[in-house]
Amino acid sequence: GESVGLHLPTLSVQEGDNSIINCAYSNSASDYFIWYKQESGKGPQFIIDIRSNMDKRQGQRVTVLLNKTVKHLSLQIAATQPGDSAVYFCAEKPNNNAGNMLTFGGGTRLMVKP
Amino acid sequence: KAGVTQTPRYLIKTRGQQVTLSCSPISGHRSVSWYQQTPGQGLQFLFEYFSETQRNKGNFPGRFSGRQFSNSRSEMNVSTLELGDSALYLCASSLALGAGTEAFFGQGTRLTVV
Chain D
51 GESVGLHLPT LSVQEGDNSI INCAYSNSAS DYFIWYKQES GKGPQFIIDI RSNMDKRQGQ
111 RVTVLLNKTV KHLSLQIAAT QPGDSAVYFC AEKPNNNAGN MLTFGGGTRL MVKP
Chain F
284 KAGVTQTPRY LIKTRGQQVT LSCSPISGHR SVSWYQQTPG QGLQFLFEYF SETQRNKGNF
344 PGRFSGRQFS NSRSEMNVST LELGDSALYL CASSLALGAG TEAFFGQGTR LTVV
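Protein chains in written order, with this note's numbering: chain D, 51 to 164; chain F, 284 to 397.
There's no promise every hint is true.
Below 30 Å or equal to it, Euclidean Cα-Cα: the simulated DSS-like pairs (lysine-lysine) are [to be verified]:
1) D:106 to D:92
2) D:121 to D:106
3) F:340 to D:118
4) D:118 to D:106
5) D:163 to D:92
6) D:92 to D:121
7) F:296 to D:92
8) F:340 to F:296
9) D:121 to F:296
10) D:92 to F:340
11) D:106 to D:163
Hints listed in this document are in silico derivations from the structure and should not be mistaken for laboratory results.
Source: prediction; values computed, not measured.
For reference, chain D alone in the conformation it holds in the complex (with noise of 0.2 Å):
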């Protein structure tokens, strides 16, 4: 499969445990951050996002949390799952930049153990 970082920060989590993953961003006129997943071949995949003026999203089994005064974003997985091993990619956007543009963390790898 594809390599997608060979120094990446690791998570090895329990199948059945809660995993959180951390990101710290870096640009405070970023208004808007997302949370991916790549799998191995594929490209990142869209998980959830949310808008710099929340401090907690939740979806079907994740939450996203955004603490602006330490620029930090964690990624919460409930009841991780085997099939949620893959490498996580924070990325930002910044409100002074009207186009698409993203700038990605260095990404987790989380393990999940059987």
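Once you've looked at the hints, dock chain F against the given chain D.
Here is chain F on its own, set in the frame of chain D:
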């Protein structure tokens, strides 16, 4: 509805050659962005096109160029290939511009320069 299609999936080129990669966005999407993904640098923005106009450009040398056609299909070209250009090149399409506009990624083109 068909997703983002990138061709070819795999490509091997020799140093000094040039290469053209193609991206067909989701039907109706007018924004196309390109990213380079490497193990060392992660996901880095190359450029973005909307309605045949380049909206943003990342910090890459002039050997990297792109264009968008009236049907929103996009191509990127890399001239005088270097070994360091070996990477996964990802295309993302979006319906419109601005925060909150979801980007859908293709599976990428894996370019190997030998």
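Against the earlier hints, flag every one the structure doesn't satisfy and list their numbers going up. The structure breaks only hint 9.
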